[in-house]
Amino acid sequence: MHAASLHDAIAAHVDDGASVALEGFTHLIPFAAGHELIRQGKRELHLIRMTPDLIYDQLIGMGCARKLTFSWGGNPGVGSLHRLRDAVEHQWPRPLELDEHSHAGMVAAFCAGAARLPFGVLRGYLDNDLDQANARIRRIECPFTGERLAAVPALNPDVTILHAQRADRAGNVALHGIVGAAREAAMAASKLIVTVEEIVDALPPAMNGIVLPHWVVTAVVHCPGGAYPSYAQGHYARDNGFYQRWDAIARDRDTFRAWMQGNVLDTADHAGFLARLDRQAA
Amino acid sequence: MHAASLHDAIAAHVDDGASVALEGFTHLIPFAAGHELIRQGKRELHLIRMTPDLIYDQLIGMGCARKLTFSWGGNPGVGSLHRLRDAVEHQWPRPLELDEHSHAGMVAAFCAGAARLPFGVLRGYLDNDLDQANARIRRIECPFTGERLAAVPALNPDVTILHAQRADRAGNVALHGIVGAAREAAMAASKLIVTVEEIVDALPPAMNGIVLPHWVVTAVVHCPGGAYPSYAQGHYARDNGFYQRWDAIARDRDTFRAWMQGNVLDTADHAGFLARLDRQAA
Amino acid sequence: MTAATRDEWMTIAAARMLRDGCVCFVGIGLPSAACNLARLTHAPDIVLIYESGTIGTKPDVLPLSIGDGELAETAAFVVPMPDVFAYYLQAGRVDVGFLGAAQIDRFGNLNSTVIGPYDAPSTRLPGAGGAPEIAAHVRETFVLLKATPRSFVETLDFRTTAGFGDGNGARARSAAQGGGPRAVITDFGILAPHAQTDELQLTALFEGASVEEARAAVGWPLAVADVITQVAPPTSHELTTLRALHARTRDAHARAVVLPTP
Amino acid sequence: MTAATRDEWMTIAAARMLRDGCVCFVGIGLPSAACNLARLTHAPDIVLIYESGTIGTKPDVLPLSIGDGELAETAAFVVPMPDVFAYYLQAGRVDVGFLGAAQIDRFGNLNSTVIGPYDAPSTRLPGAGGAPEIAAHVRETFVLLKATPRSFVETLDFRTTAGFGDGNGARARSAAQGGGPRAVITDFGILAPHAQTDELQLTALFEGASVEEARAAVGWPLAVADVITQVAPPTSHELTTLRALHARTRDAHARAVVLPTP
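Residue numbers (our numbering), protein chains in the order written: chain A, 1 to 282; chain B, 283 to 564; chain C, 565 to 826; chain D, 827 to 1088.
So here's chain A without its partners, still in its complex pose (with noise of 0.2 Å):
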């Protein structure tokens, strides 16, 4: 059994300087997660996430990363990631090293990872200027064909942690809606930690369904709302209000500094702080 609490799968298994993928696209981000990453102070983190988020807005204005690897850097539907804008614009609060990509290119470097190949191919990064702003897209040559493609390095993060509907108790983790990169990530990792909103004696049957065998999985946590305010199909909707009202919060070094003082790093996990969340809705 790898049940832990989250705390401790986050003190054992990330250190610093580790490269880390909380992925989810949109659904099923890691936020709990993410915040215990910076209640426990974590530093020098490769961050690793087709879309930073506010996640990864809040790991890099907490000053956790020194790298990004990313293919699309904004608040869905609603602009900026001030934070990650500052440290890109600013160095503020540290320099922040960009591996840029595409969602495409992405993807098949997380394949890649998944299937422990050095490279993915793509048709991909034709006529524009990715490939000047990052040496590591390449080309290859077919040799069937001789025509040229994109080729990626692999993505192999040293930690993926997920958020996922449930796990049952040998710890196999069962995903449902939709699941972006996050199976392939998954895969792909050293070591991989799974938050759930539950743990089931059997996991609902679904022959054909995304499931992540138990022998890859490294840690079982359980934790209700652990994607908030992302979601979890069947469980919660996205806090699309949150995802607005982020915005303003952000927009300010001072406000960002006091949101995450009060609402993350002052409580001491995530029911903490849902619960505060909670109070300041009522």
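It should be emphasised that the hints constitute simulated quantities derived from the structure, not laboratory data.
For every residue, glycine included, the Cβ atom is placed at its ideal position computed from N, Cα and C.
Careful: at least some of the hints might be erroneous.
Some chain B residues well away from chain A (every beta-carbon gap over 12 Å; in silico) [as the list claims (entries may be wrong)]:
#1 Ala300
#2 Glu371
#3 Pro375
#4 Arg418
#5 Thr427
#6 Val546
The following residues of chain D were derived to be distant from chain A, with all beta-carbon distances above 10 Å [as the list claims (entries may be wrong)]:
#7 Met843
#8 Gly855
#9 Ala901
#10 Ala912
#11 Gln916
#12 Gly926
#13 Glu966
#14 Gly993
#15 Ala1018
#16 Ala1030
#17 Ala1049
#18 Thr1055
#19 Gln1056
The calculated DSBU-like cross-link candidates involving lysine-lysine, where the alpha carbons are at most 30 Å apart (straight line), are [stated by the list, open to error]:
#20 C/Lys622 x B/Lys473
#21 A/Lys191 x D/Lys972
#22 A/Lys67 x A/Lys191
With chain A's structure known, arrange chains B, C and D on it following the hints.
Just chains B, C and D, lined up with the frame of chain A:
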């Protein structure tokens, strides 16, 4: 609406000389469609299938094929495919060109085809003679690590033919159970014909189920029992007894021809084929 | 009914360009509104794909993000993102894509990466997302973007997404399989590429807009087609449908979410 | 209870080599019997993967084919075959693989392709299937193969699947990540590779088998380990469990299938 009779779908979409993949790994093998290819006397086909199974033994024995792309050519759990062996060992009824792979190589080739990449990459064909037998197994160098990996040319059949449990009236096709490389073979093809057990108003809900979208499907054919003696999970079981009996039928050229004449050529369609076998069993 | 706003003109003009049954890669914002308006009016069998992997989605309200639960719940099915990009987009199984950007140039190339130098930008934009490969692979793209001299520029600060490259057939000679931008729909009207040079030229105006307004809003010397058409005004059915969609969306997004407090 | 047959000795010896909890790529025939026997005796938490994509399968009867419905119905889940080969096997997520063949050589290399020249074979065999990459990627493989001078040969007609290559550390210097054959279980006993030379040598005998029988059955001059152990006889629990499994399997396969006549 794409619905057609099997006769018309095969007549309209499979030309002599075409490359044709009847996929389905043990499960959902499109036997009815294969028999219809034989009834219509298709010739010079380039047959593509990971496991030729009985259906290609029949097509090869009836002289329909000039070439076979495959990765394992036996009667599962029983022994040889005698008609395939006779074609390779004695060029009966005609010579058969082989394009031979391992499963991993052929899967990579289907995936590349589905993604419209010209080649697939794998860590495979290591230290064995397969790349001497097949000049289209080549090597490619990783542009990041310099490592040499195997490359296979993409498979893009002119026509892929599948059997599935259900289609809806728009032509969306849902499969469940063992799917092998069926989805990749479907997405890789220029044309896609699918025989189904049922045509329904709405597919069963399965958010993350395996669905082939209607605009990729060229023709849907309502063909109950269309996978027999293979099987359709949830509809009927594999007839393991038939697979065992096939060994004796196919071992001898005359016995084989007589069986094909009586059961396939002399029956009008798959319903007739099943009815005839049913009478023999009674 | 109040007169249509320029946003509504843009959305409705974009919706009209979508033929029924086409397979459409949808982006958030105006494109999402346009695609769903098409679905709710003349194109009931349009297939909407959001890059989150929701295929054949029929949302009742517009999503805020590209991956709202509404999109999954109303989808025909949901696939992992590698499938979306490899088996659908790259495989040429998508007809239409919508793109936005911070900057566009006269050949329909787009910048959504940085203003200023890449290594020391004055404004860091969100980045590429799906755009470069959408633009490369779909049969035709539409760009939705309001025009100012800062957004319609002589020279991009960064080329995130290729349109017609350097023009004069450069795209047709490139490895991109798709046809490139068919139209740029902006707040004064519509630009479309010239058949030979690929340069965007003014081809249609919305009611109340003029060639002068267009020229003032565009940061390069804007070419004008021999014949400029007037875009037909939004019909009351289009406008009612669009406004009802937005009203449902506002209501849904204003509904307070119950926190998943244990 | 009647004495164990050689098939039973082989199956039980193979089953004993599987530790509980290991992840095992199963082939049809004796390997399938051995893996399920292990699951039903000392290794209840063994994870069985059949290459058809069934993960964590717990069949009540042995499948005839690698993709019988029984395997899917009793699986924890079923994945497409590209996942099996890329994300499980190639990714190093499988511990053990079982292989058979028509020919084996002294370094555990296997032939399942042809007898005679490739282009004009006297016997066309089924071919590679999953074997070459199973052998390359799993931590350790077991080969189950009855010995005759025609199957245990000095020189393979075709090398389908690499074991230790040309021996003497060749495999360790190759790109194969897995450890190679740990044991060859045959009808007289067990061969295992020598730690330095990689050459298969006789390490254990079944009851009633002798070094002479082994030497006569092997087509190369068989090396013999300094110490030859006697394999412990099948326990009555092992034998009862295996025979019950086979009996259930025979019953199930004898059951007439109702034709899906419309």
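Hint by hint, here is what the structure shows:
No Cβ of chain A comes within 12 Å of the Cβ of B/Ala300; the nearest lies about 21 Å off, and the non-interface call holds. With a closest Cβ-Cβ approach of about 30 Å to chain A, B/Glu371 is found to remain outside the 12 Å limit, as its non-interface label requires. The beta carbon of B/Pro375 is kept farther than 12 Å from every beta carbon of chain A, the shortest such distance being approximately 32 Å. A cut-off of 12 Å between C-beta atoms contradicts the statement that B/Arg418 is not in contact with chain A; the least separation is 7 Å.
Listed as outside the interface, B/Thr427 is inconsistent with that label: its C-beta sits roughly 5 Å from the nearest C-beta of chain A, within the 12 Å cut-off. No Cβ of chain A approaches the Cβ of B/Val546 within 12 Å, the least distance being about 32 Å, so the stated non-interface status holds. No beta-carbon of chain A is positioned within 10 Å of the beta-carbon of D/Met843; the least distance is around 19 Å. Listed as a non-interface residue, D/Gly855 keeps its Cβ farther than 10 Å from every Cβ of chain A; the least gap is roughly 25 Å.
D/Ala901, annotated as away from the interface, has a beta carbon of chain A within 10 Å; the closest lies near 7 Å. Not every Cβ of chain A is farther than 10 Å from the Cβ of D/Ala912; the closest lies at roughly 4 Å, contradicting the non-interface assignment. Some Cβ of chain A comes within 10 Å of the Cβ of D/Gln916; the nearest lies about 6 Å off, and the non-interface call is violated. Non-interface status of D/Gly926 relative to chain A is upheld: no Cβ of that chain comes within 10 Å, the nearest being about 25 Å off.
For D/Glu966, the shortest C-beta to C-beta distance to chain A comes to about 16 Å, beyond the 10 Å cut-off, and the non-interface label holds. Every CB of chain A lies more than 10 Å from the CB of D/Gly993, the least distance being 27 Å, so the non-interface label holds. With a least beta-carbon separation of about 26 Å from chain A, D/Ala1018 lies farther than 10 Å from that chain, consistent with its non-interface assignment. Consistency note on D/Ala1030: stated as away from chain A, and its beta-carbon is indeed over 10 Å from all of that chain's, at 30 Å minimum.
Annotated as non-interface, D/Ala1049 keeps its C-beta farther than 10 Å from every C-beta of chain A; the closest such distance is 35 Å. Every CB of chain A is more than 10 Å from the CB of D/Thr1055 (nearest about 31 Å), matching its label as outside the interface. At roughly 34 Å, the least C-beta separation between D/Gln1056 and chain A is larger than 10 Å, which holds for a residue marked as non-interface. The suggested pairing of C/Lys622 with B/Lys473 holds, with an alpha-carbon distance near 27 Å, which does not exceed 30 Å.
Restraint check for A/Lys191 and D/Lys972: the C-alpha separation of about 41 Å exceeds 30 Å, so the hint is violated. Note on A/Lys67 and A/Lys191: the hinted pairing holds, with a Cα-Cα distance of about 19 Å set against a maximum of 30 Å.
Checked against the numbered hints given earlier, the structure breaks hints 4, 5, 9, 10, 11 and 21 and satisfies all the rest.
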